[in-house]
Amino acid sequence: MRLRNSVQPVPGTGFIDPAVLARIGNLELLARTVVDGFINGLHRAPWLGMSLDFAEHRAYYPGDDIRRIDWRVFARTERYYVKEFEADTNANFMVLLDVSRSMRYAGTGIAKLEYAKYLAASLSWFSREQRDRVGMLSFDTDIVDYVPASAKHLDVVLHTLDRAQAERPGALYGSLSKATELLRRRGIVVLISDLYEEPERVQQAAGLLRHRGHDVIVFHVLDRSEIELDGEVGGVALDDATSLEDLESGERMPVLTPKVRERYRELVQQHIAALRKLLTEVRVDYALLDTTQPLDHALFTYLAARERLTRGSARAGRR
Amino acid sequence: MLTFLTPAFLAGLAALAVPLLVHLIRRERQDAVEFPSLMFMSRIPQPTVKRRTIRNWWLFALRSLAVILLVGAFARPFLERPPEAFTLSDHAGEVVIMVDRSYTMGYGDRWQRALAAARAAVDALGSNDRATLVFFDTGAEVAVSATTDRARLRAALDAAAPSAAGTRLAPALRIAEGVLAGSDLTRLEAVLISDFPRTGWTGDAGVTFPPGALLKTVPVLDDDVSNLVVAGVELERTRVSGRERVTVHAQLARHGAGDGEVTARLEVDGRVVQSVPVSVPAGGTARATFPPLTLAEAEVSAAVRAGDDALPADNVFHFVLSPDPGLRVLVVEPSAGDGTLYARRALELAQEPPVQVTVRRGGMPSAAELARADVVLLHDMVPGDDEAGRRLLEWVGNGGGVILAAGDRTLTATWGDVSRRMAGGVPASVTDRVDVGGARLGYIDYSHPVFEPFRAPRAGAFSAPRFYRYRAMPAADARTPAADTAAPAATVLARFDDGSAALVERRIGAGRVLAWGSTLDTHWSSLPLEPVYLPLLHQLVTHAASLAAPRAYHTAGQIVDVGRVAQADLLVTAPSGQRTTAAPGGTLLRLAEQGVYDVREARAGGPTVALHAVNVDVAESGLVAMDAAEVVASVTRPRSPGAQRASAITLPGNEQERRQSIWWYLLLTAFVLLTVEAVLANRRSRRPA
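Residue numbers (this note's numbering), protein chains in the order written: chain B, 100 to 418; chain W, 46 to 734.
Same shape as in the complex, but just chain W:
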């Protein structure tokens, strides 16, 4: 029975109307021929369209037949035969060829050797063998699904190139497992072509081939490996005369043998601006420090290059230089006293990010002051229910950060609706622990971003500060009389040793409020005198401001949200020059190429919104190979005795169509018909009427 692989093309039969119209409708040239006089013509009645009939029936038939054949060719017809007519033989095999295209395959001639091995595997296929081609790096994709067409496999191999990503064997093996498990053929086989980096296989991938399936490994390795790597950069920022200067430190490593002396070059916007000699010992690391740079503009692409070896991908490290925008903190304190001295001094010492401190005494900040602040620190003050209080609440909802520090003046009676909404309730009355030498912090949530830097041992001694007086802050489990049950519960980040909440966080709209149960001066606690005071305060304002420092570089394969901060459509230009568009409000982009991605507004001459520098995963730069037999042992298992597999299967429609190739004959016939038509029509047009 005649069947079509792409029957949608049969809609093209509507094109039959074209020759029909050509033969029915009177042809008329655009340019009229000038004639001396139409005196006689005007006496001749012109024929009307109604009287017209098809002229030149044989030309019409030729043209119509050509159209039908063309449409039929595009519809890819084939004769659907019974299963026995098109089946693979008993010895047909299902083969999955997996080719590693991670960046380490670019070392020397590894890629050429890998392609040669893959082509050899294709050539070794039997006439009825079905093969699937898979390329993989950190992920895996099926380049050619199961087919007996070797030309397609070879074409896919010819078009392939190494990527910038690392190596993970598991995704490719998982695809092979699925293909082999779903196959009805007798012989199951997989070919894994890779340099088998140690980091690419964890052994617990959970991949198991069907019983009897073979895994052939083709390690593409080199006996003598020497590779210099620019492993990363560290940016040290300083401020000189109000301008930010950045010192770039580059980390270099040498794997294997080699000469010790190299030149590290710092490139900014593609131009070499500084060079320093570095001595990198064989099998060791070194640090290259470049003279400080003054940052004049935001988002400048930079790179450090060193060495010229067989793996150039890791001889360069891309990053983005951008001035640190800093943090603006408005400290609000009562008119009397100077309780924020420690806090102000601690914030002014901050470098990353630099903090600009402004002090306001007595009363809530004005709208103009709020507009110039990222964080408001309310020290021993509570916002009222007046306009200023509501303005502050609205400001927090729009993304502002507030740190509330309780003290003598934050009396329970002074807490109104606004302050309750901000803190999630009313703090308890003052707890005096002077008699016991002060309370300590009994619980700290180290998984929270505020305390995460203190997670490591000896990173911060929170057991040292003594809290002589404090107020238990309203928390999720605190049953306070005026608790706002409609608001989401606060998160307790730290508790005093009596279990009462010391630090709670509450999100309001896009902003957040951190409520601290004690003062930030030495009046109620010894915290300002402890070493952890300064980093803790930095963490508090940074977290309250929801400040996430832009990353200077990424690793290939990572995903970034390019449209997060944009207001208009964006145009993303990859290092290879390929362009894609991104809508504002959140568009995820996989950074697949090594180099710098340029994200700018899509309109003509639109400004650059962000640059994303992408580097290869240097963890594989050591080129340390594992034993491929380990992979084989992990994923294969012997066939159980007596198990037999079906051997005869019906070929899918596309395979049958490919083998019959009727479309080719239709196309050839249509071409011949059109040639004949052209010759005949030309002769007819020359023949006098």
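In isolation and in its complexed conformation, chain B is listed as follows:
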């Protein structure tokens, strides 16, 4: 199964090619461009204005705030009912950005790290529009940068994202274990990584966050050539005469024969399938993105998760 068939952009939305976005030097402008375009495309969507909308009536119990009694209903029914609204969440939104050296790879499009930065910036901007507290944390073998979630930290987040560099090898599980200790307040955690770890370890790492009560969304960012092992990389055709060098370990593999490439594609698909399955088991949303794909898909995935979180929170509050 090829990625281009598995992920289709949503019709009617304002797609912006990541390669075009790469020409925008300012990360804040970029995020605003993406989010505004996205919102304009969704002006009829049911999620807008949710935090002030009426939800339902319930019977008045002693101790309820009498200011919330709906007097019009009382006039019609002579019973006390209280108006309930959708919760005004003010949730914490944290981006966990993988800045290991493998994220530096730019095969067929822009570098994975750049794509991840655009995605993180766009999500942060979008969350801030929703009055969420935004923060971010970058990691490789250890935590590199940490910006606590705050309603005033959008600029800091964007600045930190802007100067993030992929320079060291990565270790997902250890870094996320430390991040779990830092993120004590429940919220939405978005993990952006190329996930070069065994699926079981990724599940364990995501499970740590999940057990803390976070709603976790995993964006698996890959270059198309990583999935298909085809085409050209840096002007060099990936053919029989090509040898590969691991960006993180420096290890070399001699030559790509057709059989090797075919086997590689199978293993990558198995890896993706395993990730999807294992993360779903721990109720973590998983989305595979390739660097040529517009950011809208990621925003939709995020919105769906946030809706689920807010409804879940509301239900928990009622209970």
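There may be inaccurate statements among the hints.
As the list claims (entries may be wrong) - Partial selection, computed: residues in chain W whose CB lies under 7 Å from chain B:
1. V78
2. E79
3. P81
4. S82
5. V404
6. P573
Simulated from the structure, these hints should not be mistaken for lab results. Glycine included, C-beta positions come from ideal geometry on N, C-alpha and C.
Fit chain W to the supplied structure of chain B, relying on the hints for placement.
Below, chain W alone, put in the same frame as chain B:
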């Protein structure tokens, strides 16, 4: 049957291994592509070389075929046909074209006219005619051997240029004689293109063409010849305040008509240092004398230029200026007396070379004194068998020169082993001829270098000196009791009138000993009072020192030994800039170009060892032509009636190969194959796997 002209190139089939390896061995680029992670790659087993087989059979076949065709093209294949398939017709001719390239062909447009005549001769060849092209000056060389390929002949003519040598017709005619005599063709013909200088033909070359062979002559001459020649230089050396000064006299000659006034310029190291006007009459000679030059360093190239006419090669005369090193003579005489006064005075007057005289009285010279001497003159003294005597003998063996002059003290009893070895024996007892008014020299070997300058009439009166007393020196035929039979015999250069040896020469190792049977003072003879005394003494010391004055100039075509005095590898730079290397210890070099040859040590910054100035042979500068018919009459003879020559011959392999030119088709096919291969391989490399 398919045959190859150069089958050695078939070894190139080993190159078939190249495409085989290309297709078997895994190609790998030098620069690896950076990839995020090889996590999945490491789980895939890599294929090994053992499992590899040839991929892309059709590409492999294309490449192999291209290699085979290329190798085949270089091997020059041809189909060997039976004689009747490739024979020349009955009217085919053997033609030898001889082109004079001597320096006089550079007069005006003679060379262009000669080439035009040669090209016309090539164009006139029949389709089956075979031609040989010969260039000649003092020697001759075959530029193109017998061929029917006119393009080769024209190319050789285009590449030719006049040389600096003179003209000799005989070598070229001798080559033509050999080619024509060895030909099986019906028609034999030779074309001789030259300016036919009178000096180029002596008439007794002994060349005779086969019967019926024709010799066509193409004289390349001018009606009005005017030529100014710098015929040579003479160097006059003087010493002023211990420094040597050289006055250059240049000899100029004018052939034909022309203006009488020219400017002669003296160039040193390429710069004009002096100019003098000279009036050279038409058909006459003149002498240009330049102000004296002080020689500061050895081996300086110089030239005299005069005039600017149609033959510039003889308007310049190159030579080398070098200080005369002089000669060091150590005169050894007994402690008493002053018997060497005449000899010393005579030697001190020598100018060419200048002689530095040192006197030692009593006893043989020390090692230090020998090291500072070129010649030791032992006057009335005999070396003993002691250390000093043996040292002197060893010094002679290493190249020193000794002149032994017998006298009263050279008693037979005093001659030991050393002196016997030096003189080749023991001289006889004193012969007294006072009663007859003294003896005379009865025999002189004028062919010997010592007496060669006196060979001409009135060059030296050796009949005048009287020898009242003398000792017969040991000679080859002298049976002396103590003669050293192991040593080579001495050469007798002069004898007294009674037949006894007066002057003998004996070589010992690299040196030589001259033994004179009388004294060099007036005690035993009147020789010091005669005019021949001074030049004879100069000749004796010069010869004893083995001194050969370096030549200031040479004539083109001469051969010199450039490595004779060198200790290291030499680099010889010709006037044209062409460089050759020469090993020390004797390397002969033919001086073919006009100008100055620079001989220096081959190492970087090595010093100049010698300069050799080369000039054209001015004997031909008169441009006097002979009658070409004289040559024709000398070398040709009519065909005897009834004689028939074979007409059908088999072409040699190279001619057959040239006519078939299979290599060209092979090369073209290989080129097409390689082009197709390049296109297909390129497409394949772009196609995704």
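Results for each hint:
| no. | hint | verdict |
| --- | --- | --- |
| 1 | V78 | 5 Å, holds |
| 2 | E79 | 5 Å, holds |
| 3 | P81 | 4 Å, holds |
| 4 | S82 | 4 Å, holds |
| 5 | V404 | 90 Å, violated |
| 6 | P573 | 99 Å, violated |
Hint compliance for this structure: hints 5, 6 are not met, and every other hint is.
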